[in-house]
Amino acid sequence: MTPHILTRSLDRAATAFVLLVAAVGVLIPLSNLLLPQGSMFQVPTYLVALWGKYVCYAILALSIDLIWGYCGILSLGHGAFFALGGYAMGMYLMRQIGSRGVYGNPILPDFMVFLNWDKLPWYWYGFDKFAFAALMVLLVPGLLAFCFGWLAFRSRVTGVYLSIITQAMTYALLLAFFRNDFGFGGNNGLTDFKDILGFNVQAEGTRAALFLLSCLALIVAFLICRAIVTSKLGKVLIAVRDAESRTRFLGYRVESYKLFVFTLSACMAGVAGALYVPQVGIINPSEFAPGNSIEAVIWVAVGGRGTLVGAALGAVVVNYAKTFFTSGPLAPYWLFMLGALFILVTLLLPKGIVGTFNSWWETSKAKNGSPDAESAAREDGVGAPNPAE
Amino acid sequence: MWSMVQNAWYGLSLGSVLLLAAIGLAITFGVMGVINMAHGEMVMLGAYTTFVVQEVIRTNYPALFDYSLLIAVPLAFLVAGFIGVLIERTIIRFLYGRPLETLLATWGLSLVLQQAVRTAFGPTNREVGNPSWMSGAFELGQITITYNRLWILCFTLAVFAILLAMLRYTALGLEMRAVTQNRRMAASMGIATSRVDALTFGLGSGIAGIAGVALSQIDNVSPNLGQSYIIDSFMVVVFGGVGNLWGTLVGAFTLGIANKFLEPVAGAVLGKIAILVLIILFIQKRPRGLFALKGRAVEA
Numbered sequence: 014m015t016p017h018i019l020t021r022s023l024d025r026a027a028t029a030f031v032l033l034v035a036a037v038g039v040l041i042p043l044s045n046l047l048l049p050q051g052s053m054f055q056v057p058t059y060l061v062a063l064w065g066k067y068v069c070y071a072i073l074a075l076s077i078d079l080i081w082g083y084c085g086i087l088s089l090g091h092g093a094f095f096a097l098g099g100y101a102m103g104m105y106l107m108r109q110i111g112s113r114g115v116y117g118n119p120i121l122p123d124f125m126v127f128l129n130w131d132k133l134p135w136y137w138y139g140f141d142k143f144a145f146a147a148l149m150v151l152l153v154p155g156l157l158a159f160c161f162g163w164l165a166f167r168s169r170v171t172g173v174y175l176s177i178i179t180q181a182m183t184y185a186l187l188l189a190f191f192r193n194d195f196g197f198g199g200n201n202g203l204t205d206f207k208d209i210l211g212f213n214v215q216a217e218g219t220r221a222a223l224f225l226l227s228c229l230a231l232i233v234a235f236l237i238c239r240a241i242v243t244s245k246l247g248k249v250l251i252a253v254r255d256a257e258s259r260t261r262f263l264g265y266r267v268e269s270y271k272l273f274v275f276t277l278s279a280c281m282a283g284v285a286g287a288l289y290v291p292q293v294g295i296i297n298p299s300e301f302a303p304g305n306s307i308e309a310v311i312w313v314a315v316g317g318r319g320t321l322v323g324a325a326l327g328a329v330v331v332n333y334a335k336t337f338f339t340s341g342p343l344a345p346y347w348l349f350m351l352g353a354l355f356i357l358v359t360l361l362l363p364k365g366i367v368g369t370f371n372s373w374w375e376t377s378k379a380k381n382g383s384p385d386a387e388s389a390a391r392e393d394g395v396g397a398p399n400p401a402e
Numbered sequence: 112m113w114s115m116v117q118n119a120w121y122g123l124s125l126g127s128v129l130l131l132a133a134i135g136l137a138i139t140f141g142v143m144g145v146i147n148m149a150h151g152e153m154v155m156l157g158a159y160t161t162f163v164v165q166e167v168i169r170t171n172y173p174a175l176f177d178y179s180l181l182i183a184v185p186l187a188f189l190v191a192g193f194i195g196v197l198i199e200r201t202i203i204r205f206l207y208g209r210p211l212e213t214l215l216a217t218w219g220l221s222l223v224l225q226q227a228v229r230t231a232f233g234p235t236n237r238e239v240g241n242p243s244w245m246s247g248a249f250e251l252g253q254i255t256i257t258y259n260r261l262w263i264l265c266f267t268l269a270v271f272a273i274l275l276a277m278l279r280y281t282a283l284g285l286e287m288r289a290v291t292q293n294r295r296m297a298a299s300m301g302i303a304t305s306r307v308d309a310l311t312f313g314l315g316s317g318i319a320g321i322a323g324v325a326l327s328q329i330d331n332v333s334p335n336l337g338q339s340y341i342i343d344s345f346m347v348v349v350f351g352g353v354g355n356l357w358g359t360l361v362g363a364f365t366l367g368i369a370n371k372f373l374e375p376v377a378g379a380v381l382g383k384i385a386i387l388v389l390i391i392l393f394i395q396k397r398p399r400g401l402f403a404l405k406g407r408a409v410e411a
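Chains H and Y supply the protein sequences, listed in that same order.
Be aware that the first sequence starts at 14, since it is given in the working numbering, and climbs by one per residue.
Be aware that the second sequence starts at 112, since it is given in the working numbering, and climbs by one per residue.
What the hints contain is simulated information worked out from the structure, not anything from laboratory work.
Only a predicted model underlies this, so the values are computations on that prediction, with no experimental measurement involved.
Heads up, a few of these hints could be off.
Below, a sample of chain Y positions facing chain H; criterion: calculated Cβ distance under 7 Å [to be verified]: (1) Val223; (2) Gln226; (3) Leu283; (4) Phe345.
The beta carbon of each residue, even a glycine, is placed where N, CA and C say it ideally should be.
Whenever a hint applies, use it, and build me the whole structure from the sequences.
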């Protein structure tokens with residue numbers, strides 16, 4: 014069964030993508046650790062952390078592409094699941110600080126001592142164990158998505174209305190996490206991490222390992238998404254995207270399909286957040302800002318909605334551009350560029366980079382009379398998504 | 112007893128602010144179906160227009176300061192309305208029937224507008240003064256009513272009434288309703304639908320600009336002004352029911368009063384969170400809002 018799924022879900026482009034990520038995941042840490050400092054091919058540690066961040070964003074973009082590109086659910090609150098996963102990991106890292114905090118309290122994190130709390134709130138129990146925290150990384154976003162989706166999809170809240178209430182959800186969480194008495198560090202969030210699983214988070218070796226793990230998670234997430242979209246389930250999802258009522262009339266339980274894929278996608282976003290936090294070293298409520306979630310959607314749109322590879326690519330390209338422009342003299346103009354990107358991509362490049370490339374490739378192949386071009390396109394079954402709502 | 116009245120007054124006041132911010136959106140989103148994420152920036156442009164008007168008056172004709180808002184209202188309508196028409200012609204017109212794409216493009220636009228204002232006026236808050244007839248307060252029983260809040264409530268109701276009358280009694284209003292009800296039929300009757308689209312969008316944006324003039328009196332005038340209203344505005348329109356101005360009115364005042372009655376019990380932030388959660392749950396029960404359109408218009 015398993016090899017069959019693998020062979021079916023891995024076409025040439027997908028294999029190339031997996032190999033590329035694997036190569037990057039191995040080569041960058043190796044070059045960082047083994048080559049001498051100052052060598053031309055040595056990747057400095059700050060770059061490892063930076064690219065680790067991009068890889069986490071790529072996982073988030075994949076999770077959005079799975080629901081938006083293949084099921085037509087535009088969530089403007091996916092940053093919330095990302096941040097919840099991040100907070101779960103951050104809570105573990107906070108508990109690991111132990112008595113090395115500023116106030117030296119062996120159990121309470123610094124901000125709780127500062128607020129004169131005398132004992133740990135119940136929802137912080139268990140986060141000193143990594144396994145528990147790792148479970149929560151999946152469970153908390155998954156459960157929230159399940160409840161939210163169960164309510165929303167069952168009462169057939171679709172399209173724009175769904176987008177707006179997901180935005181309200183992340184906004185409500187933003188307000189909640191800003192509060193000090195909510196117990197998650199309020200405005201400052203969780204930071205000053207020391208150890209992860211006994212290794213120093215700042216150490217080069219740990220950073221390299223985290224980078225490798227992020228790449229691995231990206232590959233796994235990609236394979237899961239590919240397996241889903243190439244399966245029969247994936248075909249139903251695409252049918253829901255293109256003609257929801259018709260799919261329902263054909264006898265499929267549309268809300269169950271949507272709920273499954275929405276929950277899965279939230280779990281993926283949670284994992285991305287959990288890998289993001291130790292590499293960035295902080296998690297604070299601003300991750301819940303509605304703007305962040307909308308920005309993540311634009312990564313997918315830039316790379317190509319409904320292509321998976323495009324989503325990951327879009328996340329890396331847009332964020333690389335962001336780092337490049339915000340660190341240079343062009344910094345004040347970055348928002349102009351980002352805004353223009355939103356407008357131009359939706360107007361001129363509705364299929365995104367990869368989608369446009371794909372259709373160009375197929376037409377040029379068809380012109381040359383290659384017989385396998387069309388059949389390949391048909392087998393793929395996931396052309397450009399129909400923008401019709 | 113008086114604390115109830117006090118809460119009710121605060122609620123009405125907040126409701127009027129919400130209504131003012133949402134009323135333009137009720138036109139662009141509710142009537143045209145365009146998800147205009149740059150709506151908040153139209154409000155911001157209105158507020159900055161007020162700032163510029165006051166600056167000019169302060170330096171050149173200080174005696175006219177009390178009339179600055181009266182001058183700013185039509186100017187803000189023209190500035191925001193003109194930019195609205197421009198946006199419709201250059202961007203939104205290509206995206207009709209693709210609401211989710213419109214959402215992304217207008218979000219990008221809002222980033223550009225914010226950054227443009229930040230570049231032109233600086234990132235800090237700008238000082239907008241209250242004219243003498245808007246400052247001060249008076250006592251009614253045991254509650255204090257400030258003049259600026261009272262004026263904003265009156266102003267909001269006036270704008271609402273004018274808008275309603277305009278849609279009902281003018282030729283443009285008739286054409287707008289015709290186009291939203293049945294575009295092809297309207298076109299067959301000789302209505303230039305694309306011109307009506309542009310004007311409708313301009314009207315919605317212009318009203319957002321007017322809202323900015325009023326909001327500049329009670330809020331900080333900064334490039335982020337619009338951002339703080341956009342989510343609330345969408346909540347009001349969705350809660351009230353898309354395509355229904357009365358729904359927006361009822362929605363705004365319901366949310367405003369509910370918010371102010373929750374605040375003393377739960378605190379400001381928790382009250383707001385509770386309202387958001389309640390709206391999310393409410394949408395499940397009535398996915399099309401309080402006053403949903405019935406009949407054929409639903410399918411459009």
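Verification of the supplied hints:
Because the smallest distance between the Cβ of valine 223 of chain Y and any Cβ of chain H comes to about 4 Å, under 7 Å, the interface hint for this residue holds. The restraint placing glutamine 226 of chain Y at the interface with chain H holds, with a minimum CB-CB distance near 4 Å, inside the 7 Å limit. For the restraint placing leucine 283 of chain Y at the interface with chain H, the shortest Cβ-Cβ distance is roughly 26 Å, beyond the 7 Å limit, so the hint is violated. The beta carbon of phenylalanine 345 of chain Y comes within 5 Å of a beta carbon in chain H, closer than 7 Å, and the hint placing it at the interface holds.
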